[in-house]
Amino acid sequence: MRVTIRYFSHLRSTLGCESESVEVADGAIVRDVVDNVAARHAAVANVRSSLRYAVGTSFVDAAHELSDLDELALLTPVSGG
Amino acid sequence: MSTPARDPVTFDVRIGDAIPTMDEAMAFLSQAEGGGNVLFAGTTRRITGDRETVSLFYEAHVPLAEAECERLLAEAARQWPVLRAFIWHRLGNVPVSETSVLIGVATAHREEAFDACYWLIDTLKRRVPIWKRERFRDGATSWVPGSW
Numbered sequence: 001m002r003v004t005i006r007y008f009s010h011l012r013s014t015l016g017c018e019s020e021s022v023e024v025a026d027g028a029i030v031r032d033v034v035d036n037v038a039a040r041h042a043a044v045a046n047v048r049s050s051l052r053y054a055v056g057t058s059f060v061d062a063a064h065e066l067s068d069l070d071e072l073a074l075l076t077p078v079s080g081g
Numbered sequence: 001m002s003t004p005a006r007d008p009v010t011f012d013v014r015i016g017d018a019i020p021t022m023d024e025a026m027a028f029l030s031q032a033e034g035g036g037n038v039l040f041a042g043t044t045r046r047i048t049g050d051r052e053t054v055s056l057f058y059e060a061h062v063p064l065a066e067a068e069c070e071r072l073l074a075e076a077a078r079q080w081p082v083l084r085a086f087i088w089h090r091l092g093n094v095p096v097s098e099t100s101v102l103i104g105v106a107t108a109h110r111e112e113a114f115d116a117c118y119w120l121i122d123t124l125k126r127r128v129p130i131w132k133r134e135r136f137r138d139g140a141t142s143w144v145p146g147s148w
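Line by line, the protein sequences give chains A and B. Using this note's numbering, read the first sequence as starting at 1 and increasing by one per residue. Using this note's numbering, read the second sequence as starting at 1 and increasing by one per residue.
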């Protein structure tokens, strides 16, 4: 199945892209996808411990099981206001 | 003698390149016909430490930020007797002294409006997926360190 990963703020700036589409195994959880991304992008590995995750309009944890065509957001600590 | 009917609690969330004015904010709150309307405006600060800022650039995960703001307003209404409340957050470039965020709360009495409004801005800064990049007078830019 395919999942779209979305990046924001300094992750987006550092990686030079807003999103990427990856092929993952059926039954994959968020942690599997982040393992894959962190192995390819040092910028993600470096901030991994501070990330939160969201699918659609809900925050999810690393054990959340993904579905085909899900949009997984990797969120760095927020600074709005 | 019957008890006068209250209007249902009304919330409003807007996150985008432009937000309504303070006059529109007060008009929104005044419709609650409560006794306390508190309005918080977050603006771009010019001086931080020894550096001069010219603007802040805001970006957001908009659908998630909108949903999280709705959740914050609902949580506030469970903690305080809120009549009306809104969170409006601007995105894009916000020059010094301009408003990036407006939060308003209307309640029957002032104390709960202050408390709810303080909680909303404080919690927004730790939970809502919005980020800002600072542009300094010397041309340098830097993403502002965030927090959860």
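None of these hints come from the bench; they were simulated from the model. Given the structure is predicted, the values throughout are model-derived calculations rather than measurements. All residues carry an ideal CB built from backbone N, CA and C; glycine is no exception. Some hints here could point you the wrong way.
With a straight-line Cα cutoff of 20 Å, these simulated SDA-like cross-link-like pairs (lysine to any residue) come out [unchecked claim]:
{"id": "1", "chain 1": "B", "residue 1": "LYS125", "chain 2": "A", "residue 2": "ASP35"}
{"id": "2", "chain 1": "B", "residue 1": "LYS125", "chain 2": "B", "residue 2": "VAL62"}
{"id": "3", "chain 1": "B", "residue 1": "LYS125", "chain 2": "A", "residue 2": "TYR53"}
{"id": "4", "chain 1": "B", "residue 1": "LYS125", "chain 2": "A", "residue 2": "VAL34"}
{"id": "5", "chain 1": "B", "residue 1": "LYS125", "chain 2": "A", "residue 2": "ALA25"}
{"id": "6", "chain 1": "B", "residue 1": "LYS125", "chain 2": "B", "residue 2": "ILE19"}
{"id": "7", "chain 1": "B", "residue 1": "LYS125", "chain 2": "A", "residue 2": "ILE29"}
{"id": "8", "chain 1": "B", "residue 1": "LYS125", "chain 2": "B", "residue 2": "ASP115"}
{"id": "9", "chain 1": "B", "residue 1": "LYS125", "chain 2": "B", "residue 2": "PRO8"}
{"id": "10", "chain 1": "B", "residue 1": "LYS125", "chain 2": "A", "residue 2": "CYS17"}
{"id": "11", "chain 1": "B", "residue 1": "LYS125", "chain 2": "A", "residue 2": "ALA39"}
{"id": "12", "chain 1": "B", "residue 1": "LYS125", "chain 2": "A", "residue 2": "HIS10"}
{"id": "13", "chain 1": "B", "residue 1": "LYS125", "chain 2": "B", "residue 2": "ASP50"}
{"id": "14", "chain 1": "B", "residue 1": "LYS125", "chain 2": "B", "residue 2": "ALA77"}
{"id": "15", "chain 1": "B", "residue 1": "LYS125", "chain 2": "A", "residue 2": "ALA38"}
{"id": "16", "chain 1": "B", "residue 1": "LYS125", "chain 2": "A", "residue 2": "SER19"}
{"id": "17", "chain 1": "B", "residue 1": "LYS125", "chain 2": "A", "residue 2": "ALA42"}
Covered stretches of chain B (chain A as the covering partner; in silico rule of three or more C-beta atoms under 8 Å from a C-beta of chain A) [said to hold, decoys possible]:
{"id": "18", "region": "23 to 36"}
{"id": "19", "region": "75 to 85"}
{"id": "20", "region": "125 to 139"}
message = Taking the earlier hints as the rules, which of them does this structure contradict?
response = 1, 4, 5, 7, 9, 10, 11, 13, 15, 16, 17, 18, 19
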